[in-house]
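Asks: Protein chains in written order, with the working numbering: chain A, 1 to 192; chain B, 1 to 816.
Keep in mind the hints are simulated off the structure, nothing from the lab. Every residue, glycine too, gets a C-beta built ideally from N, C-alpha and C. Treat the hints with care, since some could be wrong.
The calculated label-pair distances, taken between Cβ atoms and stated as ranges, are [stated by the list, open to error]:
#, chain 1, residue 1, chain 2, residue 2, range
1, A, Arg89, B, Arg81, 25 to 33 Å
2, B, Val30, A, Ser174, 49 to 57 Å
3, B, Ser553, A, Asp49, 35 to 43 Å
4, A, Ser174, B, His152, 44 to 52 Å
5, A, Arg185, B, Glu300, 53 to 61 Å
6, B, Gly301, A, Leu155, 56 to 64 Å
7, B, Thr557, A, Arg89, 48 to 56 Å
8, A, Arg140, B, Arg35, 45 to 53 Å
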Amino acid sequence: MNSHTHLSLLVRLSDESNGLAWSEFWIRYGDLIRGFCLRRGLQAADIEDVAQDVMFSLTKAMPGFRYDPAKGLFRSYLKTAVVRAISRRFGQNARQASLGAAGSSSVASEEDHDTQWEMEWRRYHYRRAMGTLESEFSDRDREVFHRYATLGQPLQEVAADFSLSDATIYQIKSRVFRRLSETIRNQVAEEG
Amino acid sequence: MADNQTTTWFEDEALLMAVVRGDAALTTPVIAGYRDLRELKRGGQGVVFVAVQQSTNRPVAIKLLLAGGLATAGARRRFEREAELAASLRHPNIVRIFDSGVTGDGSPFLVMEYVEGGPLLASSQKPDVAMLRARMTTMMKVVGAVSHAHQHGVLHRDLKPGNVRIDNTGEPRVLDFGLARSLGAASLAVSASGQFVGSLPWASPEQLDDGVNTDTRSDIYALGVMLHQLATGSLPYDTTGPLSAAIDSVRHRVPESVARINPAADANLSTIISMCLAKERDRRYPSAQELASDLEAWLEGEPIRAQRDSAWYTLRRNAARYRTIAAVVGVAAVCLGAASAVAIRAASIAGRERDAAHEARGRAETVTGVLTGMIVSPDPTIDGRDVRVVDVLDEASRDAGTAFRGDASSELGVRIALGHSYSSLGQAEASLREAERALAIIEASSQPRPEDRVDALTIRHTAMLEMGREKDAVAGANENYVFAKGLWGDTQERTLEARSVLAGCLEGAGEHAASVEHKRAILEYRRERGEPEGLIIALNNLAVSLSSAGDLSAASTLLAEAHAALVESEGPRHPNTVVTALNLATLLKQQGLAAEAMPLFEEAIAGATEVWGPEHLQTLSARGNRATALTDLDRPAEAAAELELLLAIYRRVAPEHPRILNTLSNLASAHRAMGDLDVAATLFEEAVDRATVVLGPTHRSTLMFRGNRAELLTTMGRAAESAPLLERLAEDARQELGLDNWVTGTMLHNLGSARTKIGDRAGAIAAFTEAYEIFTRSVGPSHHRAVSAAEELAALFEADGDGKSAEAWRGRAVAP
């Protein structure tokens, strides 16, 4: 069993003494939890506290945890844990002033939990997939994708900078996109 | 949101790209002076971006650390200070830090040189010789970088392959100096109570203890782990799996030597790496500079300087596995047949010979390199030569005098190491010789280290103990122990070793109570320290004392514990497991539990045959003990056949060995059990005569044989001859073994039987009464020996017409 699949991570987590599995879990989901908290408007220091709370409550729940797909998706389970942790700390109306952090998008406090969670969840999958694909594509291809697809720089400009034809730029973008899509599909499938 | 929307967002280009762009916007900080931030990678500590520095248009890397890490002003200041320190480092192999700061939302960031290139460790295959040299050359530069940082007061604290990049010119560049402390929630801290681990494989034992008290040597440890990885493709310990097991591995497990795992490496490189990985900081390289020098020396093919300390340390650590477990002197009950004394010696001679041959084949030039390689490295393939370990040691001993002329301190280390090696091979005389030489060097030196003196004396006393000169050694051993205790306290390893030798000497000198007291204390300390190896040896040693004192059931309880632990940690075929199984079986048999003992005997014999070979003394001893158990189980014909075989083998391979006496005696018992009393009597005679000459008339084994012979005479109806023999025997036993020893009790019991036969009822009663008292004291009133004595007394009083006394004794004759 590939020890990096989601399910096997859950299995390893239920062995409460397995600190390394927890560490992986933390690294994997930490950003997700933090990102969600950020969207909810929490301050930086509070985010850390909440994240720790979540992990702690999970450690208590995890030993003996048996993942049962019939009982619902893991991500719903995790979301509930995070939402509970936030409300335990800050009460039901966790509307802190927006951070106005440099570079962070505006926190739409009108959005409900589900939407925000879904957004974070997608980001989490995207980032994981990109991590997996890092070794598959060269620096150049990733740079091309970043500038053309993500930043939306004009096709000709990117082609000129890299001394490649327009068609090649387009092909690179398609290839990265396709792999990204496939990888995320696999991730979502294994997640249950 | 409906399910079908969520499952196809990643197939829809618009939706997926929205996520991609949203993420880029969200996670890209805006930092004044830098543009075009693009995420490169993400790790436990934070995100790394590549960016362009506006003022210079050069690419830089920006590391954005986890949000929320620096909520307080204090944390921020600490971070700034550490960043400043790190920024002050200028070295070709250290990634430069240009700038640092904190974003609006409290996230600290660092601006660093952007290093394009690849990872340090790209594959987990074992490198061949050329690749190994290349990697070590790279590591030498890494170590040089670490050394530079140390000299400027900066510890790294998180060294691992992930923190070293190889740039496009092939140079290593080390990242992230000195930042571990101020990052708090990052990936370093480990505790069983729920903090999380990122760098456990590279964490030193002291970092696992409290993480606070670390110094340059913690970095050196991490470098050792990296060296091990680069040399073998794998980590020195398995740190997957349960956290507690991983931590335990780091704290206690001695890693397999690099030369063993990868034949492309040699003993010297193993030594260097072992010295980095020492559990005790004092045993590591004191500075990165010295490590770098030794790596350079290794690359140049010159002698490395680490060997002395390293050899000593490794040998002590690993020699513990092979350390002599004191003999269980199994002296059997006369009636049940004599069990043999089991001398427990060191590990696989066969294995050692193979190791030595391997080392001889590929070995480097220096003496201690050979020693370390020998003890630390394992199974090799021999290229046809059959080199005995002892020969290697002898050669080393000869060389040491000349090779280290003028370098007394190195020679001292070698002598001590040799002393240990000889000892663990059972070569007591040679061990003693080395210890004496070591002591001579110490005496001649102007500033002898107390550790060296204690070590040399411990070896010397151990050797004397093994040579049977315990009485001579007691005083010195006591002094040594007291000295060590004064310097380092009772819990320190050296003190424990000195104390253990003292206890052994006391045991041999007949001071059982004192010996037991020390051994109990040692056992307690070993239990506290939780070191399985030391604990097992302590269990064995105490069991030996207790069994000598006759407390067989306590001894067998301890041995059962040790045996279980050994089967678990070393497996059933490890020499110590085999020896412990054998000892335990012997004890069980002596308690009359022959049926329980048999499976253990079988296990021990199978193990001994595999470990040492079918004709090794250890294996023969196991077979002999099993044969006596066969006699107990009413299978004397089988026992006799086996013992005849063993006798023949002994006469062929070790004609002078005292074990022959036991074998003769056991064979006699077997014949006796078959009813061939004349044959038995003859054999006992022979045993007694030999023993009197070889061991002396009052040696416990001689006493046993005399007892066996006398008891047989009684059985043959020659009580008139046996009674006076037994009287003398009982007296000798009282003197030699004491009044708390069941063997004395047995002699008295047999005397009682003889006197009964010749009609001396009063004398018989006196003898049985004394026997009963001794048995009660030593093995307990419900032990079958005590019961038997009580029965005899009941019968005697009955015959005397003293019904009341008879009744009283019958009451005591209740078996459990």
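Asks: Now tell me if each hint is right for this structure.
Replies: Status of each hint after checking the structure:
1. Arg89/A <-> Arg81/B: 25 to 33 Å: holds, 31 Å
2. Val30/B <-> Ser174/A: 49 to 57 Å: Cβ of Val30/B to Cβ of Ser174/A: about 31 Å, so the range 49 to 57 Å is violated.
3. Ser553/B <-> Asp49/A: 35 to 43 Å: At 58 Å between Cβs, range violated.
4. Ser174/A <-> His152/B: 44 to 52 Å: This hint holds: roughly 50 Å between Cβ atoms.
5. Arg185/A <-> Glu300/B: 53 to 61 Å: Since the Cβ atoms of Arg185/A and Glu300/B sit about 55 Å apart, the hinted range of 53 to 61 Å holds.
6. Gly301/B <-> Leu155/A: 56 to 64 Å: Holds - the Cβ-Cβ distance for Gly301/B and Leu155/A, about 59 Å, lies within 56 to 64 Å.
7. Thr557/B <-> Arg89/A: 48 to 56 Å: holds, 54 Å
8. Arg140/A <-> Arg35/B: 45 to 53 Å: violated, 20 Å
Going down the numbered hints, you'll see the structure goes against 2, 3 and 8, while the others check out.
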